[in-house]
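Student: Residue-level listing of the chains:
2 protein chains.
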Amino acid sequence: MKKTLLSIALLTFGTTAVTYAQSDYQADSIFIRKIFDTALSDGKSYEWLRDLTQKVGPRLSGSAGAAKAVTYTRDVMAAEKFDNVFLQNVLVPHWVRGSKEKAYIISGKQKINVPVAALGGSVATPKGGTKAKVIEVKSFQELRALGAEKVKGKIVFFNRPLDPTKLNTFVSYGGAVEQRGSGASEASKLGAVGAIVRSMTTRLDDIPHTGSMRYASGAPIIPAAAISTNAAELLSKLLKENPDTEIYFEQYCETLPDAPSHNVIGELKGSQTPAQYIVAGGHLDSWDFGQGAHDDGSGCVQSIEAVRLLKDLGYKPKNTLRAVMYMNEENGLKGGVAYADSAKSKNEKHLAAIESDRGGFTPLGFGIVATPTQKAKIVSWSKLFAPYGLHEIGPGGGGADIGPLAQQGTVLLGLIPDSQRYFDYHHAANDTFDKVSKRELELGGAAMAAMMYLLDKYGVE
Amino acid sequence: MKKTLLSIALLTFGTTAVTYAQSDYQADSIFIRKIFDTALSDGKSYEWLRDLTQKVGPRLSGSAGAAKAVTYTRDVMAAEKFDNVFLQNVLVPHWVRGSKEKAYIISGKQKINVPVAALGGSVATPKGGTKAKVIEVKSFQELRALGAEKVKGKIVFFNRPLDPTKLNTFVSYGGAVEQRGSGASEASKLGAVGAIVRSMTTRLDDIPHTGSMRYASGAPIIPAAAISTNAAELLSKLLKENPDTEIYFEQYCETLPDAPSHNVIGELKGSQTPAQYIVAGGHLDSWDFGQGAHDDGSGCVQSIEAVRLLKDLGYKPKNTLRAVMYMNEENGLKGGVAYADSAKSKNEKHLAAIESDRGGFTPLGFGIVATPTQKAKIVSWSKLFAPYGLHEIGPGGGGADIGPLAQQGTVLLGLIPDSQRYFDYHHAANDTFDKVSKRELELGGAAMAAMMYLLDKYGVE
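Read top to bottom, the protein sequences are chains A and B. Numbered by my numbering, the letters in the first sequence go through residues 1 to 461 in order. Numbered by my numbering, the letters in the second sequence go through residues 1 to 461 in order.
By construction, these hints were calculated from the structure, which means they are not laboratory data. Any given hint could be a false lead.
Claimed, not checked - Examples of chain A residues lying across from chain B (beta carbon under 7 Å, computed):
id: 1; residue: Thr165
id: 2; residue: Asn168
id: 3; residue: Thr362
id: 4; residue: His391
id: 5; residue: Gly394
id: 6; residue: Asp418
id: 7; residue: Arg421
id: 8; residue: Lys435
id: 9; residue: Ser437
id: 10; residue: Glu440
Unchecked claim - Under the rule of at most 27 Å between Cα atoms (straight-line distance), these lysine-lysine pairs were calculated in the BS3-like manner:
id: 11; chain 1: B; residue 1: Lys44; chain 2: A; residue 2: Lys138
id: 12; chain 1: B; residue 1: Lys44; chain 2: A; residue 2: Lys435
id: 13; chain 1: A; residue 1: Lys152; chain 2: A; residue 2: Lys131
id: 14; chain 1: B; residue 1: Lys138; chain 2: A; residue 2: Lys34
id: 15; chain 1: B; residue 1: Lys44; chain 2: A; residue 2: Lys166
id: 16; chain 1: B; residue 1: Lys44; chain 2: A; residue 2: Lys237
id: 17; chain 1: A; residue 1: Lys383; chain 2: B; residue 2: Lys383
id: 18; chain 1: A; residue 1: Lys311; chain 2: B; residue 2: Lys166
id: 19; chain 1: A; residue 1: Lys68; chain 2: A; residue 2: Lys81
id: 20; chain 1: B; residue 1: Lys237; chain 2: A; residue 2: Lys44
id: 21; chain 1: A; residue 1: Lys435; chain 2: B; residue 2: Lys55
Said to hold, decoys possible - Residues of chain A placed beyond 10 Å of chain B at every Cβ, according to the derived structure:
id: 22; residue: Tyr25
id: 23; residue: Gln26
id: 24; residue: Tyr388
Yeah, the Cβ is synthetic: ideal placement off N, Cα and C, and Gly gets one too.
Here chain A stands alone, though its shape is the one from the complex (with noise of 0.2 Å):
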């Protein structure tokens, strides 16, 4: 019976019993114990992120704001004494939005102003504006159907909602997002002169969220901006009420040369493979209202608090560790291109890559991007974070920034917050400090502080 007994617990618990022994269990729980206490009582990542977002604030790649970022970064890592900060050069691309937009709906003798922002990347409107009659549409296959007659010369005006039903509010941003990032190419295909986008929020509010959008190859050329969530809704029913309503908006936005800007990288040595890596990053730039304090200010603090954390608990790594903020997410991702390149003409061996780009918010959890066997191990410490509410150990992706490391085989793993405020704040002016929780700040930097330790200690295959 011990026999049978033994054999269905390998079957039951399988890789579970193979790869996380019971006997470390009590050790490690008590330094994530203390990790967790730590970054609780003594944590330092919520006045880092005041400063970030509050003396530096927006952060735009090729800004003034940017460099400052950089340089904030750099000194809050050499203050720590981490073993070695350095920056990393990158090329970014220089998108500035000038003045204001302005936006107007004109039906029958109404004329409404709605909040407006220019879309990342967009052109600016032609001098003295754009105006034209209103097509709406909630998808491409709508768009493509009315064809270019219907099309030509109107603006068109993409208002799928963000699907309120998705527990997970990035699968409901997963839905609708091309309608900003391919919306404006899709309708100068058919002779649109303009694109209008419904705010990618799952509010109704009177914020307009801006975020990048990229013209295809071949196509016209036209300017895009999304309006507020309340602003769609009210076109939407004067367009019902009225089709030949109209909409005008300017915007001067331009795109200036590549500017040069910098990953900022600080490590603790490996005192066993130092040429083995694990880093914990976020990305230091933001969009240029608001003061990108979830997105991505969080997740840069946090990094820098993980790697804090473990020096200042007295954890000597086997492999280094580091900190990194990636440059240029929002628009171009090209930090994490150049960090990757890096790695691989330097021959520097990347284990593992956690980012954390989802907001500051309660940790629930961590998505695995890995082999299978590599998942069930970082599966088999789930209980070890279960007492800190972290019970989503598995589903998920990585992020966005350390997608190019893929191409050596690190594991990736993205810290998954709760993710039922993030697009409120979202590339929007009210995405600021006072929207942070300290303490929810603090336990994802103490989750990702625990995972690091997890994977220095016991490795990834």
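Take the given structure of chain A and dock chain B to it, following the hints.
Tutor: Chain B in isolation, oriented as in the chain A frame:
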């Protein structure tokens, strides 16, 4: 082997296999998905909360606001065409704050104003305020060790912070709140002339948090107030520099004669056993500043929403389902007691009672107070909640208002939301509508509806 496997399976998953049939899973998961989809796409609780917080506003027991809240929630349930909506008489304590409090620290030549709030139930200071030297303590033990000689004529300053390392901030609160509840009498027994308490919050800020206190029988009655955590830090620092530091405070609160008020109840009649009840509730009263948005406007509108969702989805309950707005949780619990007394006298058998009184944050689970068999039955439904992020079905308590139902053996369930932000706002002027996330609130109401559905369908035995 087949038999062995089965017995092992029973060994491993025992109670689950016994109490929840796999064959029910599909239908239940489909219905629960409908509950969540409806809550997130056509939820009504957020707009009710807007009215309750912004049109009704604060609603301390006995106040005009409390009376308006009774009328408002009764009208909401009537408009939703609940089968029966009625009020239940409750006589409640009637404490009023009076004019705004003042406090300042005098240390050497410095006179520094500090944010202060009288504690609920406290007496006023004598005319001209109370001013005295300050004795700081972290515990009642420390206070008693000082003895009457060192305490007499002083103001005792209770400055034990909430423990930041507890993941569940209610545990931190539970470890500190005796200072607020009993500190004044503990101090007055030793001859103190006043009690100043560090605000019960996990944050460092300038916002005083009120809350109830009680005078111990026989102890001299002295005034008690809370100062903000930043003020508490400052006072502690100044006391170290100068032990002769004094504090002055004045407050005008008083306890008026008990006032007539009401619990508000709405119900869907049971189709099979209408004299058996399953109830969801929150408390309608709030403290007298802020808007009582998280505490406990959220719990009230979630409870109405839970019943409304089941009704609008066409669910025909076996037992009678009720939404109950209890009056006077904050300073007396008269509503909860009156409800249980009425249930007993009318022979209303209450199978289960759910309470939401931990804020309108993302729900993580339910705490259960029940027999082991009942608990196991409810825990066996866990996988129906896991897709919605509720992974913690089991540990935790019920709720203050439903506590008195324990006398008739009712199963008590407390909704457990994420607690990280709760004490940022608790009993304070910043507990306002804008602090509540629509989606987080809606998830809580949906979770309560799903639990009511399962309790009704399968019973508790």
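Student: Compare the structure with each hint and give your call.
Tutor: Here is how each hint holds up against the structure:
Annotation: interface hint on Thr165 (chain A) holds; nearest CB of chain B at approximately 4 Å, less than 7 Å. A cut of 7 Å between beta carbons decides the hint on Asn168 (chain A): the least distance to chain B is about 9 Å, and the hint is violated. Among the interface hints, the one on Thr362 (chain A) holds; its C-beta lies about 5 Å from the nearest C-beta in chain B, closer than the 7 Å criterion. With a cut of 7 Å, the hint placing His391 (chain A) at the interface with chain B holds, because the nearest CB-to-CB distance is about 4 Å.
With a cut of 7 Å, the hint placing Gly394 (chain A) at the interface with chain B is violated, because the nearest CB-to-CB distance is about 13 Å. Given hint, Asp418 (chain A) at the interface with chain B, holds; its Cβ is 5 Å from that chain's nearest Cβ, closer than 7 Å. Residue-level restraint check for Arg421 (chain A) holds (minimum Cβ-Cβ distance to chain B is 5 Å; threshold 7 Å). With a cut of 7 Å, the hint placing Lys435 (chain A) at the interface with chain B is violated, because the nearest CB-to-CB distance is about 11 Å.
Evaluation of the Ser437 (chain A) hint against chain B yields a held restraint, the C-beta minimum of about 5 Å falling below 7 Å. Among the interface hints, the one on Glu440 (chain A) holds; its C-beta lies about 5 Å from the nearest C-beta in chain B, closer than the 7 Å criterion. With a C-alpha separation of about 25 Å, the suggested pair Lys44 (chain B) and Lys138 (chain A) falls inside the 27 Å cut-off, and the hint holds. Note on Lys44 (chain B) and Lys435 (chain A): the hinted pairing holds, with a Cα-Cα distance of about 25 Å set against a maximum of 27 Å.
Using a Cα cut-off of 27 Å, the hinted pair Lys152 (chain A) and Lys131 (chain A) holds, with the two alpha carbons roughly 13 Å apart. For the given pair, Lys138 (chain B) sits about 24 Å from Lys34 (chain A) by alpha-carbon distance, which is consistent with the 27 Å threshold. Taken as a hint, the Lys44 (chain B) and Lys166 (chain A) pair is honoured in the structure, with Cα atoms around 18 Å apart against an allowance of 27 Å. Note on Lys44 (chain B) and Lys237 (chain A): the hinted pairing holds, with a Cα-Cα distance of about 22 Å set against a maximum of 27 Å.
With a C-alpha separation of about 18 Å, the suggested pair Lys383 (chain A) and Lys383 (chain B) falls inside the 27 Å cut-off, and the hint holds. A C-alpha spacing of about 23 Å is found between Lys311 (chain A) and Lys166 (chain B), which places the hinted pair at or below 27 Å, so the restraint holds. A C-alpha spacing of about 20 Å is found between Lys68 (chain A) and Lys81 (chain A), which places the hinted pair at or below 27 Å, so the restraint holds. With a CA separation close to 22 Å, the supplied pair Lys237 (chain B) and Lys44 (chain A) stays within the 27 Å bound.
Restraint check for Lys435 (chain A) and Lys55 (chain B): satisfied, since their Cα atoms lie roughly 25 Å apart, inside the 27 Å limit. Distance to chain B confirms Tyr25 (chain A) as a non-interface residue, since its nearest Cβ pair spans about 19 Å, more than 10 Å. Once the 10 Å rule is applied to beta carbons, Gln26 (chain A) is consistent with being away from chain B; the minimum gap is 19 Å. Here Tyr388 (chain A) does not stay apart from chain B, with its beta-carbon only about 6 Å from theirs, under the 10 Å limit.
Checked against the numbered hints above, the structure violates hints 2, 5, 8, 24; every other hint is satisfied.
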